[in-house]
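**Student:** As a plain string of letters, each chain reads:
There are 2 protein chains.
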Amino acid sequence: MIQEYLSQHRGQFIEQLKCLMRFPSVSAQPAHRRDILACADWLAHHFGSFGLDVKLYPTKGNPILVARTRRAPRANTPSVLVYGHYDVQPPEPLDLWKMPPFEPVERGGKLFGRGASDNKGQFFAHVKAVEAYLKTRTPLPVNVTFLIEGEEEVGSTSLIAFVRQRARQLRADYIVVSDTSMFSKDHPTITYATRGIAAMGVRVDGPSRDLHSGVFGGSVANPVLALARLLAACVDARGRIAVPGFYDDVRPLQKWERAQFRRLPFDERAYAHFLGVHSLEGEKGYTTLERRWGRPTFEINGITGGYQGPGTKTIIPAWGEAKITCRLVPDQSPEKIERLVSQYLRRICPSSVKLGLISHGGYRAFHGSPSGRGVRAAAVALKRTFGRKPVFVREGGSLPILDIFKRHLGGEIILVGLGLPDDNWHSPNEKMDLANFDRGMLMSATLLRELGASA
Amino acid sequence: MIQEYLSQHRGQFIEQLKCLMRFPSVSAQPAHRRDILACADWLAHHFGSFGLDVKLYPTKGNPILVARTRRAPRANTPSVLVYGHYDVQPPEPLDLWKMPPFEPVERGGKLFGRGASDNKGQFFAHVKAVEAYLKTRTPLPVNVTFLIEGEEEVGSTSLIAFVRQRARQLRADYIVVSDTSMFSKDHPTITYATRGIAAMGVRVDGPSRDLHSGVFGGSVANPVLALARLLAACVDARGRIAVPGFYDDVRPLQKWERAQFRRLPFDERAYAHFLGVHSLEGEKGYTTLERRWGRPTFEINGITGGYQGPGTKTIIPAWGEAKITCRLVPDQSPEKIERLVSQYLRRICPSSVKLGLISHGGYRAFHGSPSGRGVRAAAVALKRTFGRKPVFVREGGSLPILDIFKRHLGGEIILVGLGLPDDNWHSPNEKMDLANFDRGMLMSATLLRELGASA
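Protein chains in written order, with the working numbering: chain Z, 1 to 455; chain P, 1 to 455.
Certain hints may be false.
Given that identical chains are not distinguished, each listed pair holds provided it fits within a single copy or across any two copies.
[Unchecked claim] Derived DSS-like pairs: lysine-lysine, alpha-carbon spacing no greater than 30 Å straight-line: (1) Lys383 <-> Lys110; (2) Lys354 <-> Lys98; (3) Lys354 <-> Lys284; (4) Lys98 <-> Lys406; (5) Lys389 <-> Lys98; (6) Lys383 <-> Lys18; (7) Lys185 <-> Lys98; (8) Lys18 <-> Lys55; (9) Lys383 <-> Lys98; (10) Lys185 <-> Lys389; (11) Lys98 <-> Lys18; (12) Lys55 <-> Lys383; (13) Lys110 <-> Lys98; (14) Lys185 <-> Lys406.
FYI, nobody ran anything at the bench for these hints, they're computed from the structure. All values derive from a computational prediction rather than experimental measurement.
Input sequences plus hints: build the corresponding full structure.
**Tutor:** Okay, here's the thing in structure tokens:
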């Protein structure tokens, strides 16, 4: 029944997903505030259209949507919270997109557009699974609450407060999140750890205005050079972060994890080729998967300063600015990392320039159990719908809210990613494989049944 | 007669200068190509309007204007070439201008707008002096040729070829250039040396597209960080340029120069305050004036890469780019410096990123005699019109064409600057003091007479 409903309505679902993707719900850019609100409204209306009780909660940031199935009559019916986010990354650089980022296009079994895989397409598979139960009047084996936020790409600030305030109301036995990727399209995947993040802005101010580099050059510090020196001093020649104390709280990778990662088929050359680099680079002493999944990073996300137009402009720029993010692993604290980086930069910054540091927030890494009851149910659901036993991996990306869920809601967190490594998250030409969307809907329906049976 | 003519027509001259400044003749930006052509046409028409023979020479770049007075009947009349440039620096950053950069405004005896002092206002003073001779039918004591180019701010490429090809036609006994600044408004100034320049673009390419900094972070070199490391490695902690061989051809400052510079009233604190910096910084072992006038530099003019909008974007950027200029002193060669910098960067660049280097050209420093016949005439003219004996200084800025003039035209080069240190060359709110424009016209008329008398 459910399987039939899903396959009969597939075309309609994809059209609905396209509608959802047409909202340029870019949380990082204030200009898109209206699009964010319109996207949330559309979603609320959509959840209501197949019988969920929906509430849109305004916040200081973007609205949070909570949609619940009506409570099952059985008293001990397990409860499942399905998390997702309707905000997306900025689409820039626009010139590298093969299609407009907010005009989704289906091509060769793939749906292209910003948000296709991160995260609209993924959470939508769960939405459609629940719809299938309701529309086919199949009894739902669990009570489901959807919790869909609009600030994941900017640190989930509002949701963090929301979850803390409404912990009792949101409490669930299982928390299901599809906001990760499969190891490959042949490897259904359960993720048991994600990295955290600490984000900062670094600004170096020199002269009060751009100066003629001939008339004044040599007598005054170049703030862009000073910035380059500060940034360069943060990572040493072996790829280790040179900020004192940075590694103090890092939980080392366990033997079983390192052994397991090594068993995964990972082709370094194909990976380098896929990224378009001549050779890989990272912290000495670790494999590529270990570096991506289990080690912290210091990354410059962007830099700007002085003249950037065509030709030359012979100036000493007035200032230079960089955006930095550090990926964190258990048990690093974003506040401490930010403090350490700030102290270090202040210590090494020369007095001839002015250093400005701002926090863009952060959150801790997540580390769950690879052997809980919910994870075992997900393994069954994945095997049944993808035809293979899942692999257990960590994830280099961050899900800001997981640590908050863990601390405040208490249920078992299950990360079943439907993305693929080549989905171009945060990059131009983001896409979702529609085969994964199809299997994802079925997997979700199966998972809800398995979780219901586990009670 | 001449003095009366100049003071009677002052208002009209300033209006004409404003017309000239309204052309956004930005040579670095291809979008302004039409404005360049329109500006050259306006000038040609203007020179013709008071009786000069004008020719506008098309080039591969921007037109070169040559305007001649009709030859004086005396056979041994000295010839004077007056050089200037009608192109200007880009006006960016626009938000720091107190007025639109190409809508000149007179305020408190100052004329504000891009090009006011660098160089439209300065060469225009000479134009008006010659006009005064012609309109008052005062016999011109010298034959004057104006040579006005449109690529000074981008390296004078076309003029360099032009001067080489037409050396015979342009040859003059004296070459007068007002494209420098006075030491202060109380110090009429003769400049006997300027710095050269070598300009380059450095680009570091990493992954073929921006990557998710979580999913991929740690396994691939960050090209902006790699760029920062390369740039940081170019200057050491003592402010010395760390590129091997960089100083090999530097002609050391002479004792008499260092002694003379020390005699000039120079207030470091006032200078730092003027630039808006807390403290000055430069190569150890040299005074501020020595660093500006007699030592080479390594300057980053601009840097760009990755996400630069509001908030954060958690990417590893695909590339980073910087613009670099080195100011050169005698006897450094721009080609050799560019080669040394390129070799050094290639040597230290890791293989995990791709290094791209492009040349933006360069030219040698100029070093003339502080005691030639023309310079002595200029000293007389300055004393008579500014009421003080001039000081002899070097200049940190560059005049690309001087070395070419010296090598191909052979006349004595006289640098009599009418700019002031606070004229904001290459910066927002460029201006010219109209008192200097007034005295400049008189000084020019006097200089032409003195040069004529020197025959």
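**Student:** Hints first: check each against the structure and report whether it holds.
**Tutor:** Status of each hint after checking the structure:
no.	hint	in the structure
1	Lys383 <-> Lys110	within (23 Å within a copy, 79 Å between copies)
2	Lys354 <-> Lys98	between (42 Å within a copy, 24 Å between copies)
3	Lys354 <-> Lys284	between (34 Å within a copy, 21 Å between copies)
4	Lys98 <-> Lys406	neither (40 Å within a copy, 54 Å between copies)
5	Lys389 <-> Lys98	neither (35 Å within a copy, 67 Å between copies)
6	Lys383 <-> Lys18	within (28 Å within a copy, 78 Å between copies)
7	Lys185 <-> Lys98	within (23 Å within a copy, 58 Å between copies)
8	Lys18 <-> Lys55	within (23 Å within a copy, 63 Å between copies)
9	Lys383 <-> Lys98	neither (35 Å within a copy, 67 Å between copies)
10	Lys185 <-> Lys389	within (13 Å within a copy, 83 Å between copies)
11	Lys98 <-> Lys18	within (17 Å within a copy, 47 Å between copies)
12	Lys55 <-> Lys383	neither (34 Å within a copy, 83 Å between copies)
13	Lys110 <-> Lys98	within (14 Å within a copy, 52 Å between copies)
14	Lys185 <-> Lys406	within (29 Å within a copy, 70 Å between copies)
Hint check: violations occur at hints 4, 5, 9 and 12; the rest are consistent with the structure.
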